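Undergrad: If you read the protein sequences in the order shown, they are chains A and B. Residue 65 in the numbering used here sits at position 65 of the first sequence, and the numbers go up by one each step. Residue 1014 in the numbering used here sits at position 14 of the second sequence, and the numbers go up by one each step.
Careful, some of the hints might be misleading.
As the list claims (entries may be wrong) - No farther apart than 25 Å at their CA atoms in a straight line, the calculated lysine-lysine pairs in the DSS-like style are these:
| hint | chain 1 | residue 1 | chain 2 | residue 2 |
| --- | --- | --- | --- | --- |
| 1 | B | LYS1132 | B | LYS1048 |
| 2 | B | LYS1241 | A | LYS31 |
| 3 | B | LYS1090 | B | LYS1111 |
| 4 | B | LYS1117 | B | LYS1153 |
| 5 | B | LYS1090 | B | LYS1048 |
| 6 | A | LYS27 | B | LYS1241 |
Stated by the list, open to error - Selected chain A positions facing chain B (Cβ under 8 Å, derived; list incomplete):
| hint | residue |
| --- | --- |
| 7 | PHE99 |
| 8 | ASN141 |
| 9 | ASP142 |
What the hints contain is simulated information worked out from the structure, not anything from laboratory work. None of the values given here were measured: they were computed from a predicted structure. Just so you know, even glycine gets a beta-carbon here, dropped at the ideal spot from N, CA and C.
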Amino acid sequence: MRMTWLLAALPLLVAPPAFAHGSSRIKVVEKVTLPAAPEAVWAVIGNFHDMSWDPAIAGTAGDGGNALQSFRTLTLKTGGMLEEDLERYDAAAMSYATFLPHNDPTVLPVTNFSTVLTVSPAEGGGSIVEWRAAAFRGYPNDNPPPNQNDEAAAKAMDAYLRAGLDGLSRRLGGGS
Amino acid sequence: MSRDGSRAYVTSPDGRMLSILDTAARRILRRVPLEGGPLGVAIAPDGKTAYVADWYGTRVTPVDTVSGTVGAAIEVGQSPSGLAVTPDGKMLVVADRMDDALSLVDLGSGKEVARVKVGAHPFGVTLDAAGKRAFAADVESDDVAVVDLEARKLVARIPVGRRPYVVALVGDRGFVTNELAGTLTAFDLGTLEPLGTVQVGEFPEGIEASRDGSRLYIANWMDDSVSIVDPGSLAVVGQMKVGDSPRAFGTFLRPTGQGTP
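So here's chain A without its partners, still in its complex pose (with noise of 0.2 Å):
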C-alpha cells in the first residue's frame, strides 16, 4: 500500500506541472532628461541592433535592420544573454519595442521580458529618454523562492534599465 503510494506521487517529484509565467506582470518605468534634441539622441539609441549606448551591454549581434520580427542577442558584460525579437518600431514617434521570447533566469530573474524605448522633447529643450520594462518573476509557478519572487524580478529589471539610462546620460552629457 505504501509502495502503491509512492510510485503514484513519484511523477509529481520528477516533473512538476510546468507553467507558462506567474500570475501578476511587473511593470519598472525608468526615464532620463538629456540635453541633447530627440532627433540627435533617437540617432545614437534609434537603432535595434546597436545599443553600445549602453555600458551593461558588452556586444550586439543579430540580423540587422529594424523590420518587425528581427532577432538581436545582446551579450552581457556581467556574462549571459538575452536574445529579443523587435515587435513594434515607429521612428517617427521615436519608440521601438522589444520581446524576450525565452530566457535564463540566472541572466535576469523573469519570464516573458519586455521593454519600450521612448524619446520624447522635453519642456525647455532637451529631450526625455523612458524605458518601460514588463515582465513575470522568474519561478512561474506559486510560491516562488525568495530569488526568483516579484520583488526579485522588479529589482533586476530596475538596474537593467537604470545602468542604461546612466549610461546614455553620461555619454550625451545629462544631468540626471
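Given chain A, put chain B in place with the hints provided.
TA: Chain B alone, transformed into the frame defined by chain A:
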C-alpha cells in the same frame, strides 16, 4: 461586473481572494478567501454565483455572491484563465491555458462535458449574445479560436496580431486586443476573416463595448491609458490618461443611465 452594473468582482491572485464591490456606494462588501491563484472570474446571468479560476491549478470555484459561501470545485484543464457563462446560465466555458483547450462545463451537474482543442495558450474567452459561439484569444499562436458550443467543435482560427489577450463583440464584428503589437484587430463574425488593424496604446488588454455599441474602450496596461475606438471606422477617437497599470479581464464598464457607456 454584474449585468446590471451594481456589483464589481475583483480577483487578487497573490492576495488569494475575491473581492465583491458595491459600485454605486464605492465600497467593498465582502472579501472571500480562496486557495491557489484566483485570476479569471465570471458571473452567472442571475448574478447569484461568481466562478473563479485557479491559475496555478486545474479547478474553477463557485462562490455565492451574497453569502460568500464557496461551493464544490469544478475540475477543468491546466491553468484555467478566461471564463464565460452562457446567457441561459447552463454552461461555463473555460480557457485551459496550458492545455491549449476550452473546457465546456455543464453547470447543472458541475462537470466538464467536453474539451475542445484551440490554438496555443488561450487566455480570454468571450461568448456571443446567443451563447452559440465562444471566441478565445490564443496568446502564443497569435490567433482567435472560434468554437461552436453546440457542436463542441473548433470552427476557425482567425490570424490576428502579436499576443492577443481578449475579444469583444459589437454587431457583426469581433475585436481583439494584441498585447505585444499594441494594436486592435477587427474581424467579421460572418466570414471569420480579419478586417483591419489599428494602433492603440501599449499593452492593450481589457476591451469592452459601450451598451449602444458606438464605442470600444480599451485599457492599455503599459502606458496607463484608455483608448476609445469607433468600431465602425476603426478610428481612435479618444485617449484618456488613467491610474497605474489599468487592466480588466472581463467586463468593466458600468451602466449609469447617463449616456455612453
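Undergrad: Now look at each hint and say whether the structure bears it out.
TA: Here is what the structure says about each hint:
Restraint check: the Cα-Cα separation between B/LYS1132 and B/LYS1048 comes to about 23 Å, which is no more than 25 Å; the hinted pair holds. For a cut-off of 25 Å, the pair hint linking B/LYS1241 to A/LYS31 stands: about 19 Å separates their Cα positions. For the given pair, B/LYS1090 sits about 11 Å from B/LYS1111 by alpha-carbon distance, which is consistent with the 25 Å threshold. With a C-alpha separation of about 8 Å, the suggested pairing of B/LYS1117 with B/LYS1153 holds against the 25 Å cut-off.
Pair hint B/LYS1090 plus B/LYS1048 holds up; C-alpha atoms about 13 Å apart against a cutoff of 25 Å. Proximity of A/LYS27 to B/LYS1241 is assessed by CA-CA distance (about 17 Å); at most 25 Å being required, the pair is judged to hold. Checking A/PHE99 against chain B by beta carbon gives a least distance of about 6 Å; that is within 8 Å, so the hint holds. The closest approach between the C-beta of A/ASN141 and any C-beta of chain B is roughly 6 Å, which is under the 8 Å cut-off, so the hint is satisfied.
Evaluation of the A/ASP142 hint against chain B yields a held restraint, the C-beta minimum of about 4 Å falling below 8 Å.
The structure shown violates none of the earlier numbered hints.
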